[in-house]
Structures are given as C-alpha cells and as structure tokens.
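If you read the sequences in order, they're chains G and U. Every position in the first sequence, counted from 1, becomes a number in our numbering once 4 is added. Every position in the second sequence, counted from 1, becomes a number in our numbering once 49 is added.
Calculated directly from the structure, the hints in this document are not laboratory data. Be aware that a few hints might be false.
A few chain G positions that, by computed beta-carbon distances, are all more than 12 Å from chain U [stated by the list, open to error]:
{"hint": "1", "residue": "Leu-8"}
{"hint": "2", "residue": "Asp-10"}
{"hint": "3", "residue": "Val-61"}
{"hint": "4", "residue": "Leu-69"}
{"hint": "5", "residue": "Gly-189"}
Cross-link-like lysine to aspartate or glutamate pairs, in silico, DMTMM-like; alpha carbons within 20 Å at most [as the list claims (entries may be wrong)]:
{"hint": "6", "chain 1": "U", "residue 1": "Lys-225", "chain 2": "U", "residue 2": "Asp-143"}
{"hint": "7", "chain 1": "U", "residue 1": "Lys-180", "chain 2": "G", "residue 2": "Glu-82"}
{"hint": "8", "chain 1": "U", "residue 1": "Lys-180", "chain 2": "G", "residue 2": "Asp-181"}
For glycine and all other residues, C-beta sits at the position ideal for the given N, C-alpha and C.
Single-letter residue listing:
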Amino acid sequence: MDILIDYWPLFRDGFLTTIELFLLAGVASLVFGVILAMLRVSPVPVFRATGTLYVTVVRNTPLTLVFLFFVFAYPYLEILELSFFTAAVVALTVYTSAFICEVVRSGINTVPLGQAEAARALGLTFGQSLSQIILPQAMRSVVPPLVSTLIALLKNTTIAAGFSVSEAGRIRSVLSDDGENQLVGLAWVALGFIVIVMILTLVQRTLEKRWSVAR
Amino acid sequence: MSNILFDAPGPRARVRHRLLAVLGGLVLAGIVAFVGWRFYDSGQFTARKWEWIQYKVIQEDLIAAVVATLQAFALGAVLALLFGAVFAAGRLSDHKPLRMVSGFVVELFRAVPLLILIFLFYYGLPTLGLKMSPYMAVVLGLMLYNGSVLAEVFRAGILALPRGQSEAAYALGMRKTQVMVLILLPQALRSMMPTIISQLVVLLKDTALGFLITYEELLRFAQRIGGEGQFSRPFVPTALVVAAIYIGLCLLLTWLATYLQKRERRSKKHIELENGGAKAQQLVLTADAGGGGGGV
Chain G
5 MDILIDYWPL FRDGFLTTIE LFLLAGVASL VFGVILAMLR VSPVPVFRAT
55 GTLYVTVVRN TPLTLVFLFF VFAYPYLEIL ELSFFTAAVV ALTVYTSAFI
105 CEVVRSGINT VPLGQAEAAR ALGLTFGQSL SQIILPQAMR SVVPPLVSTL
155 IALLKNTTIA AGFSVSEAGR IRSVLSDDGE NQLVGLAWVA LGFIVIVMIL
205 TLVQRTLEKR WSVAR
Chain U
50 MSNILFDAPG PRARVRHRLL AVLGGLVLAG IVAFVGWRFY DSGQFTARKW
100 EWIQYKVIQE DLIAAVVATL QAFALGAVLA LLFGAVFAAG RLSDHKPLRM
150 VSGFVVELFR AVPLLILIFL FYYGLPTLGL KMSPYMAVVL GLMLYNGSVL
200 AEVFRAGILA LPRGQSEAAY ALGMRKTQVM VLILLPQALR SMMPTIISQL
250 VVLLKDTALG FLITYEELLR FAQRIGGEGQ FSRPFVPTAL VVAAIYIGLC
300 LLLTWLATYL QKRERRSKKH IELENGGAKA QQLVLTADAG GGGGGV
C-alpha cells in the first residue's frame, strides 16, 4: 500500500497515458478496421485481395515486431518523424485493425441474407446497402467480440512501455531505479489492469443487452 | 465468389468493377511505389545493408535465435496445454470450491496483460529471493496466459459435445473420471484441434515479448544486428527478415490447422458440435489480438 501512496503521481500518470494510448489507438483501429472489412467484402477482387493480404500478414506478425519496426526501422525510411507516443499509436492501430476487420467481417456474415436481398431489391447500391443496412446490424451483433478485441488492445498497450512510452508498464522501471520493491509495484499495476478490464467487461455486457438484435 | 452483398455483376457493373479495379490497382501501386521509393532512396536496397546475411557467424546467430524462439514456444505450448487441461477439468468439476478456484485463476490470468505477468516473474520474483532466467520467465508467462485461454477452449469444446455422449457413458456405469477421460476428452480434442492450434500460433507470436526482458530470441537478434554500425545499421533489412521468419512459422502452423480441420470433416468419427464450437473460435480470435477480458 505504501508504494501506491508514495508513488501515486507515477501510477496516475502511467495509467492516464495507458488510457490515452488505448482511446486513440482504439478509435483509429475501429475506423481503419471497418474500412478494411469493407474492402474484404467488396465486389472488386483487387480490393478483396488487398484486405486479405493485410490481415494475413499482420495477424501472423508479433505486435512487438510491429513496435520494433516503427520505433527502430521506420526512422531510417525518412518519411515522417514520429514521436515515441505516436509510433506506439500507429503500431497498435496497424495491429488491432486487422483483428477488428475480422470481427466486423464475421458480423457481416451473421446478417440474414434477406436483408441484403431486400436492400438490393429496393435499388440500393453496394455502398448504400453496406453502410445503411448491413453494417449497422452487423456492428450490433459483434459488440461482445469487438469489446473483447478492445480489451486486448488495452492489454497490448503495455508493450509500448518497452519502447520508451512512459505508461503503466513503465512504472516498474522507475520503481526499480529507486530500489523499491518491484513485486508489489507490479502487483498494483496488474490490479489496475484488472479493474479497467472489469469496467470494460461491464460496458460490454450493458451494450450487449441494449443493442443485441432479436433474431 | 458470390456474396450476400452483391448479385453476379451484369455488363454495366462489370465495367464499373473493372474501372474500380484499375483505380484501386493504381492507388495500391502508388502506395507500394512510394514505400519502395522510400526504401530505395534511404538506401535500404544497397548491398552494404544486406551484407550481414553473408557472414557465417551471423547466420549461426540467426539460427540460434530461431531455435531460442522455438524453444520458448515448445516448452510454453506443452505447459500451457497441461495447465489448460487441468483447469478446464477444474472448472467442470462437481465440487463447488474447486470450480470457483479454477474459475478465479483462469479469469485472473486472462485479465492481466501477458507482459505484466512476464515482468512479475522476471523482475518481481527476485525480490523474494527467486532468481529467474529470462527463458523461464517467458515460458511461465506464456503458460499462465495461454493456458487460461486454452482452459476456456477445452471447456467450450467439452460442453459443446452432444449430451447423449456423457449420458450414454453414465448409463454404461462409468465414473465421472472415466466419462471425462475416455469419452468426452478425446472427442472434444478432435473437434477442437484447429482452435487449439490457432491458440498455439498466438503463443508463438507471444514469445516475441521475451525481447523486452532480454531473452535472446529473434527480435533481440534483429535489434542487435540492426544496430551494428559496421553494416551501416541495417534495421530495416533485419526487421524484414525476422518478420518473414515469424510469418512463415505462423503460416506453417495455420496450414497444419486447416489440414487437420479438413481431415476431421472427412473422418467418420466427425461429430457435429453444438454452438460451443463457434464460441471457442471466437475466444481464440479475441485471444489472438492479445487476449480477451475476464469477468472475475
């Protein structure tokens, strides 16, 4: 308990950075993931192939490697300079969007055939039927796995600590510099994550109840 | 490929699709060309940046790094499977305390980030006088986290078997243990095999976390060679090579899963699962992203 009180600003700032990372990367990967999912169900083969290639490559690459690339290798390409924090957001977005894409795509498959057929019978184009008929229903049915993916994202933000972002995973190294008990410090960090995950799980249940589609 | 979203295209749609394909192709080619140009312009394709791969010592190091990754994967996988089996059995037990304890453990380790678990072993335990090698810390972390996910997968698999299986076994006078070991487990394992292997792919990817606690695996290798001034810091080439190795290994495992799935479907012993199969798959999909949450 002493460590938590003595180092309260450190813990607070660490977790705030974690949450900031989580929110930024979460929104970005939701947007990017839905776009990818739209590519993957598009009638144009080139778009489908692009989506599939992206998802296959990213899903089979460890997140740590994505981080390593954006922090160490990317600067050598001299495109746009990224701060450590931005690099972390980009790496997390690149990685998580592939999973969001898969979740959304599996949601699209759960929408009954009749919905798409009715939309087409009304003369809606592919874009219209996807954005106004299919996706809204698909998003509702994938709320639980979507939130699980976001929980995964939250846990993955800890990896940023290994790449010079001072977030919750980094608390340990500060404690270690001060010669404090790292076991206790890490236990508090773990507890912090458990609490946030529990809150997200609650959100998940509430949304699931409110938004679930009766079929 | 037909899809629920569009009809087979007519003549006008075909023209439109071709137009879009050309446009999309151009945009893609533009992106690829830009990245390629950046690679070229910043000198990533110069021979000097790729020279390192010719040195025998470095080749041996690379092999050693792959072996280190596979070592962590192998031991982690075996332990995680065992952990998963034990705690799945615990969660399905008839005794309430046992059920509650296993449920708590499984949910706990699913909710804590894997990296924090590994840190706990590597940096935390020495304060209790228990010195951990990076290898052991990685393996233990992988065991606890992936074992917990696997426990849920096993449980979903066993629960998804038709009730008739266990009822028939009980009717023959078998005990609970016999029913579990002789009847339910083999069938659940068969039907869950592809899902289990997908989780092992996750485990393989997670070995990369060892990088952050100085375990000498593939990423460490990439960073070490990438930082060598002697080869003019080939960070980009080494990252590409290591990524290719990871993707190759993972695809190999994924291919094995698909093969087993196909064989399973053709097999006479195939058993139609109730909706638990889909649930387990979902579990792994979210675990793949880095682990689902836990509602303790």
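Status of each hint after checking the structure:
| no. | hint | in the structure |
| --- | --- | --- |
| 1 | Leu-8 | holds (15 Å) |
| 2 | Asp-10 | holds (16 Å) |
| 3 | Val-61 | violated (6 Å) |
| 4 | Leu-69 | violated (6 Å) |
| 5 | Gly-189 | violated (8 Å) |
| 6 | U:Lys-225 to U:Asp-143 | holds (9 Å) |
| 7 | U:Lys-180 to G:Glu-82 | violated (42 Å) |
| 8 | U:Lys-180 to G:Asp-181 | holds (19 Å) |
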